[in-house]
Structures are given as C-alpha cells and as structure tokens.
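Modelling step: build the complete structure from the supplied sequences, incorporating the hints.
Quick mapping for you: the protein sequence lines, in order, are chains A and B.
Count along the first sequence starting at 1, add 7, and that's the number in the working numbering.
Count along the second sequence starting at 1, add 9, and that's the number in the working numbering.
Check before you lean on any hint, since a few could be wrong.
Unchecked claim - Restraint-style ranges between C-beta atoms, simulated for each label pair:
# : chain 1 : residue 1 : chain 2 : residue 2 : range
1 : A       : 58        : B       : 24        : 45 to 55 Å
2 : B       : 69        : A       : 91        : 40 to 50 Å
3 : A       : 87        : B       : 93        : 44 to 54 Å
4 : A       : 45        : B       : 77        : 24 to 34 Å
5 : A       : 17        : B       : 114       : 19 to 29 Å
6 : B       : 114       : A       : 110       : 39 to 49 Å
7 : A       : 15        : B       : 66        : 25 to 35 Å
8 : A       : 35        : B       : 24        : 19 to 29 Å
As the list claims (entries may be wrong) - Heads up, simulated DSBU-like pairs for lysine-lysine below, C-alpha to C-alpha not over 30 Å straight-line:
#  : chain 1 : residue 1 : chain 2 : residue 2
9  : A       : 64        : B       : 74
10 : A       : 18        : B       : 74
11 : A       : 64        : B       : 18
What the hints contain is simulated information worked out from the structure, not anything from laboratory work.
Think of the CB as a built atom: it goes at the ideal place given N, C-alpha and C, for glycine as much as any other residue.
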Amino acid sequence: DTGVSQDPRHKITKRGQNVTFRCDPISEHNRLYWYRQTLGQGPEFLTYFQNEAQLEKSRLLSDRFSAERPKGSFSTLEIQRTEQGDSAMYLCASSTIGSSRDEQFFGPGTRLTVL
Amino acid sequence: AQRVTQPEKLLSVFKGAPVELKCNYSYSGSPELFWYVQYSRQRLQLLLRHISRESIKGFTADLNKGETSFHLKKPFAQEEDSAMYYCALINVGTASKLTFGTGTRLQVTL
Numbered sequence: 008d009t010g011v012s013q014d015p016r017h018k019i020t021k022r023g024q025n026v027t028f029r030c031d032p033i034s035e036h037n038r039l040y041w042y043r044q045t046l047g048q049g050p051e052f053l054t055y056f057q058n059e060a061q062l063e064k065s066r067l068l069s070d071r072f073s074a075e076r077p078k079g080s081f082s083t084l085e086i087q088r089t090e091q092g093d094s095a096m097y098l099c100a101s102s103t104i105g106s107s108r109d110e111q112f113f114g115p116g117t118r119l120t121v122l
Numbered sequence: 010a011q012r013v014t015q016p017e018k019l020l021s022v023f024k025g026a027p028v029e030l031k032c033n034y035s036y037s038g039s040p041e042l043f044w045y046v047q048y049s050r051q052r053l054q055l056l057l058r059h060i061s062r063e064s065i066k067g068f069t070a071d072l073n074k075g076e077t078s079f080h081l082k083k084p085f086a087q088e089e090d091s092a093m094y095y096c097a098l099i100n101v102g103t104a105s106k107l108t109f110g111t112g113t114r115l116q117v118t119l
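Here it is, written out as structure tokens:
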C-alpha cells in the first residue's frame with residue numbers, strides 16, 4: 008500500500024461533458040474526503056464519508072456533483088455538465104480513528120481542465 | 010464560520026535566516042491546528058499539529074489562543090524548506106473537514 012491513489016491524474020474535457028474521478032484510500036482507513044483546490048487557494052472541503060455513509064457535504068457541492076463510496080473502500084466523484092468554473096485540482100484524502108487521529112493523508116490529485 | 014488566514018502569499022528568506030510563517034484563525038470552540046506542506050511535485054503532507062507539541066524538521070508552532078494564532082517558526086532556514094505551506098484547522102468534536110488557509114510559498118535562497 009503506497010498511500011492514497013487517484014485516477015486519472017489529469018483530465019481535459021469539453022464544457023457540458025460528464026467526468027468521473029476515482030480515489031483509492033489507504034487500506035482500512037474508514038474516512039474519505041474530497042477537496043477542491045483552485046489556483047492560489049488552499050484546498051476547500053467538498054464532502055466526506057465514514058465507511059459508505061456520506062456524512063457531510065459542502066455548499067460548494069452543487070447538484071451537478073455526486074460522490075459515492077459504495078463498499079466503504081474506493082470512492083468516485085462525478086461532475087455532470089461540466090463548466091469552465093469546475094477547472095481545478097480535485098484532492099482525495101483518507102484517515103482513520105486511532106493513534107494518528109485526524110491526520111488526513113492526501114492523494115496526488117486529479118487536475119481537471121474544462122475547455 | 011471557521012476561517013484560516015495566511016497573510017503572506019510569498020516569503021523569501023536567505024539560507025540560515027529565521028523563518029516565521031503567519032497563521033491566524035477564527036473559530037468558536039476548540040479547534041485543532043495543523044501545518045501541511047507541499048514540496049515541488051509532491052502531494053500535500055502533514056508537517057505538524059499543535060497537540061503533538063513537537064519539532065519536525067526543525068519547525069515548531071505554538072497555539073496562542075489569546076491571539077488566535079498558530080505561527081510556524083524555524084530558527085535557521087534550509088534550501089530544502091522551500092515549499093508551499095498551508096495552515097489548517099479541524100473541528101475537534103467531529104474530526105471531519107479541514108479548513109485551509111490560502112497558503113504561503115516559502116522560498117529559501119542562497
């Protein structure tokens with residue numbers, strides 16, 4: 008296990024298309040987070056899962072965004088009808104309750120460019 | 010609403026000079042504060058957290074609740090410290106989302 012992985016690393020799409028990103032957390036991490044980072048900003052929280060339950064969603068997450076974590080392992084983030092404003096780095100992180108409680112381990116991110 | 014402010018986008022220092030990256034926060038309750046670092050072409054990673062009260066790579070940060078600050082300090086900067094630094098806080102009660110500042114790029118020059 009080499010840490011949190013994300014696929015794809017880069018995605019270029021045309022406005023109006025749908026895109027889906029995948030995140031594989033560290034094994035046995037029961038919490039999984041999605042963040043979005045635009046140029047010159049820090050990561051902004053989008054949503055968070057504990058096991059398969061989606062426990063919190065940001066107001067940033069419009070109805071065009073949907074996230075799932077069907078078996079409590081990997082997660083997908085789908086953006087429908089992409090807009091140019093969706094261009095950003097999408098980061099996934101995972102954590103677990105334990106000796107390193109609250110430490111979130113980040114993936115490399117998926118960079119989305121909407122043309 | 011919780012907020013983290015990092016007033017400097019860029020901090021440029023000479024090698025061997027002291028470093029202080031500023032971070033102020035607003036939060037009602039008891040937050041937990043973190044510093045995350047992102048080196049060139051690497052992923053975001055935890056540098057240190059206030060509850061640990063430890064020094065990592067020579068960096069320390071003290072939580073000042075009176076001034077609502079969590080500044081990151083190092084007495085002697087090294088070239089390898091050049092990176093993007095983000096201050097962040099988390100709600101201790103829910104242990105859920107991190108709220109990040111906008112980040113400060115530290116540039117250590119010879």
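> Any of the earlier hints contradicted here, and which numbers?
Replying inline: Per hint list: 3, 6, 8 and 10 violated.
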